[in-house]
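Asker: Chains as they are written, first to last, in the working numbering: chain D, 1 to 297; chain R, 1 to 384.
Check each hint, because a few of them may be wrong.
[What the hints assert, rightly or not] Within a straight-line C-alpha distance of at most 30 angstroms, the following computed DSS-like cross-link-like pairs (lysine-lysine) qualify: (1) D:K206 / R:K261; (2) R:K37 / R:K350; (3) D:K206 / R:K115; (4) D:K206 / R:K141; (5) D:K100 / R:K18; (6) R:K350 / D:K206; (7) R:K118 / D:K206; (8) D:K69 / D:K127; (9) R:K123 / D:K97; (10) R:K18 / D:K206; (11) R:K66 / D:K97.
Source of the hints: derived by calculation from the structure; they are not laboratory data. Every value quoted in this text rests on a predicted model; they were computed, and no experiment measured them.
Spelled out from the first residue to the last, the chains are:
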Amino acid sequence: MLEKNNRKAWLYLLPAMLFLGAFMVYPLVDVFIYSFEEGYNFASQSYFGTGLYNYGYVLRDPYFMQAVKNTFILVIITVPLSTGIALLISLGLNSIKRLKELYQTVFFLPYVTNTLAVGLVFMILFKKTAYSDGLINLLITAFGGSAVDFIDGPYWAKMFVMCFYTVWVVMPFKILILTSALASVNQDYYNAARVDGTPPLRIFTKITLPMIAPMIFYLVITGFIGAFKAYSDVVAIFGTDLNAAGMNTIVGYVYDMLYGNSGGYPSFASAAALILFAIVLTITCVNLLASSNSDNF
Amino acid sequence: MKVVLDHLTKRFPSRNKKQPEDVIAVNDFCFEIPDGKLIGLLGPSGCGKSTTLNLISGLEAPTSGKIWFGDDDVTDLPPENRGVGLVFQNYALYPHMTVRQNIMFPLENFKGAAKLSKPEMEKRALEAAKLVQIDGLMDRKPGEMSGGQQQRVAIARALVKMPRVLLLDEPLSNLDARLRLQTREEIRRIQQETGITTIFVTHDQEEAMSITDMIVVMEAGVVQQIGHPQDVYDDPVNLFVAKFLGTPAINVFTGKIEGGKLFIGDDAVLPAEGQPDREVFVGVRPEGFIPDENGPLCCALRGVEVMGRDTSIIASDPSCQSDTVRAIISSEIRIDRNAPEVRFSLKPYKTHVFDAASGERIYISEDEIRRSLDAQAAAEGEEA
Chain D
1 MLEKNNRKAW
11 LYLLPAMLFL
21 GAFMVYPLVD
31 VFIYSFEEGY
41 NFASQSYFGT
51 GLYNYGYVLR
61 DPYFMQAVKN
71 TFILVIITVP
81 LSTGIALLIS
91 LGLNSIKRLK
101 ELYQTVFFLP
111 YVTNTLAVGL
121 VFMILFKKTA
131 YSDGLINLLI
141 TAFGGSAVDF
151 IDGPYWAKMF
161 VMCFYTVWVV
171 MPFKILILTS
181 ALASVNQDYY
191 NAARVDGTPP
201 LRIFTKITLP
211 MIAPMIFYLV
221 ITGFIGAFKA
231 YSDVVAIFGT
241 DLNAAGMNTI
251 VGYVYDMLYG
261 NSGGYPSFAS
271 AAALILFAIV
281 LTITCVNLLA
291 SSNSDNF
Chain R
1 MKVVLDHLTK
11 RFPSRNKKQP
21 EDVIAVNDFC
31 FEIPDGKLIG
41 LLGPSGCGKS
51 TTLNLISGLE
61 APTSGKIWFG
71 DDDVTDLPPE
81 NRGVGLVFQN
91 YALYPHMTVR
101 QNIMFPLENF
111 KGAAKLSKPE
121 MEKRALEAAK
131 LVQIDGLMDR
141 KPGEMSGGQQ
151 QRVAIARALV
161 KMPRVLLLDE
171 PLSNLDARLR
181 LQTREEIRRI
191 QQETGITTIF
201 VTHDQEEAMS
211 ITDMIVVMEA
221 GVVQQIGHPQ
231 DVYDDPVNLF
241 VAKFLGTPAI
251 NVFTGKIEGG
261 KLFIGDDAVL
271 PAEGQPDREV
281 FVGVRPEGFI
291 PDENGPLCCA
301 LRGVEVMGRD
311 TSIIASDPSC
321 QSDTVRAIIS
331 SEIRIDRNAP
341 EVRFSLKPYK
351 THVFDAASGE
361 RIYISEDEIR
371 RSLDAQAAAE
381 GEEA
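Turn these sequences into a full structure, and let the hints steer you where they fit.
Answerer: In structure tokens:
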């Protein structure tokens, strides 16, 4: 009977396992193997030998180090900033009654808008051309500053646009999650705190924050993972030649190694992808450890 | 602390567009709660008892009327300045804090001169925990405790700041039957030990009657009757109160007064001298029936349930509002369970007559009026 049940269970699992195997496990293993094959040639499907040369090459490649630097700056700035701002907006949304639905819809709009379309809009807002300074530069000059080319100009300006864009794009989802988390905190906790004369700041730090902490950790972890995987947003603003613009990301580097103008090196791409995997895995583990230490009810 | 509710009214604006009138949750509530008593606010769900509690705690503001704690008018005071302890139906214990942190939480909010040092807070928290007998569980979290223990923590948290008034919202509804019995005794003990004026809300009449000094029966926002539990039970002012109090419930018959006699169906059950003829409801408590071969009330016998101490007779009568008439008699009286019918005479003081139109009580004999006046005087004496 147990035997039969077991066979049945495997049968039910089969479709999912087939798809996962073909599209997840097999490519992962393949990438892993590629990353150790030195001098792999796409056309002849041959290689010279095996070893750690690919990793060495990637780690010494200045373009890769630039991509790592860009990605880390992006992650470190945008994840805390977007989560913090989203929390503030959610608290605001939670405390108003009139027009709440309208504001919720407005804040959610970026989520349903196409990345490339939004990137284009950002480019038009920030780009300085021979014909126009762009809206942002007009504002800067109106307030007495000097115009900056945010798209082809200095590194900090480009990074600013990148971070601004990322924060703006990831915010709606965080607001959605946090408003529902805040709304699900039982009103009785607040009533109990009111009867006891708890000051608002203390209510926030002692009751609201611990109650929604699991959701905040969820957002931070997914935020880290999402920011490490940034690519399409960068392309939308700075175009496809990211190495030249100095704005490449790790995923962008992987893509360039495969299909870009300097591409055709699946081994280097695989090595870079596995380095990214190791970074994301480490950070997620650290996050999970931190969260399990602080919330245990 | 004496609590006075002075013409207290709470209206909520209607959210239903088809029904534009306001919802009146509490309608002109006047009551003086004597110092140090345990009061039960009793009524079916939606009768306004929880709203009344919220008005007293200050979580809701009354539409009109005043609330006094002793000589202080607290109507416009926010909840934190009223000095009330509130125990919520779901306890509202902070799940991420230990029992100690939960009980200390109200103390940590004290400001200025009232501010306590850490050891003082610990001491006060431990005292409160000892009072409710959970001092051995100070480092547990609420999730690691049973419902009854959580209930005690909630009471300790409400008591720790030494409130002038303790308010309990359905304190026993989340407990199982055995724990409920135990906890209600506990609430009574804590109330008597601390001497804090306590108001608790319940829809369970047994709970209210068993431990309170006084009960307030409410329906649809209107106070129906206030008094000592036994007096309200023995002398209900209207049909609603009579039906709401008592398990098993009162048996209600349609009847009439005709020619100075009270009739149930065609049976003249009691004299009603000097009463004008009219349609009435006759309520008979289960313990108001006396099996009597020559009794005036004749019912078809459905069954006999023996419960040891007493016997329950299940009968039916076409005049009865429910399908069955339930009479509870001493088990010493033997009933022939194969008889097709059973005859009763009625105890006059367990039989209440109500006007068929208004549901208001009709006193059919002088004896009854005198008894009811006595009860009223006793209740007033207690209030004063």
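Asker: Compare the structure with each hint and give your call.
Answerer: Against the structure, the hints:
Simply put, K206 of chain D and K261 of chain R have alpha-carbon atoms about 69 angstroms apart, too far for the 30 angstroms limit, and the pair is violated. Straight-line distance between C-alpha atoms of K37 of chain R and K350 of chain R comes to about 28 angstroms, which keeps the hinted pair within the 30 angstroms bound. Annotation: proposed proximity of K206 of chain D to K115 of chain R holds, straight-line Cα distance about 19 angstroms (limit 30 angstroms). Restraint check for K206 of chain D and K141 of chain R: the C-alpha separation of about 15 angstroms stays at or below 30 angstroms, so the hint holds.
For the suggested pair K100 of chain D and K18 of chain R, the alpha carbons sit about 24 angstroms apart, so the restraint of at most 30 angstroms is met. Proximity of K350 of chain R to K206 of chain D is assessed by CA-CA distance (about 56 angstroms); at most 30 angstroms being required, the pair is judged violated. Among the hinted pairs, K118 of chain R with K206 of chain D is consistent with the structure: their alpha-carbon atoms are about 17 angstroms apart, no more than 30 angstroms. A threshold of 30 angstroms between alpha carbons decides the hint, and for K69 of chain D with K127 of chain D the separation of about 23 angstroms falls inside it, so the pair holds.
For the given pair, K123 of chain R sits about 42 angstroms from K97 of chain D by alpha-carbon distance, which is inconsistent with the 30 angstroms threshold. Pair hint K18 of chain R plus K206 of chain D does not hold up; C-alpha atoms about 43 angstroms apart against a cutoff of 30 angstroms. About 29 angstroms separates the Cα atoms of K66 of chain R and K97 of chain D, which keeps this hinted pair within 30 angstroms; it holds.
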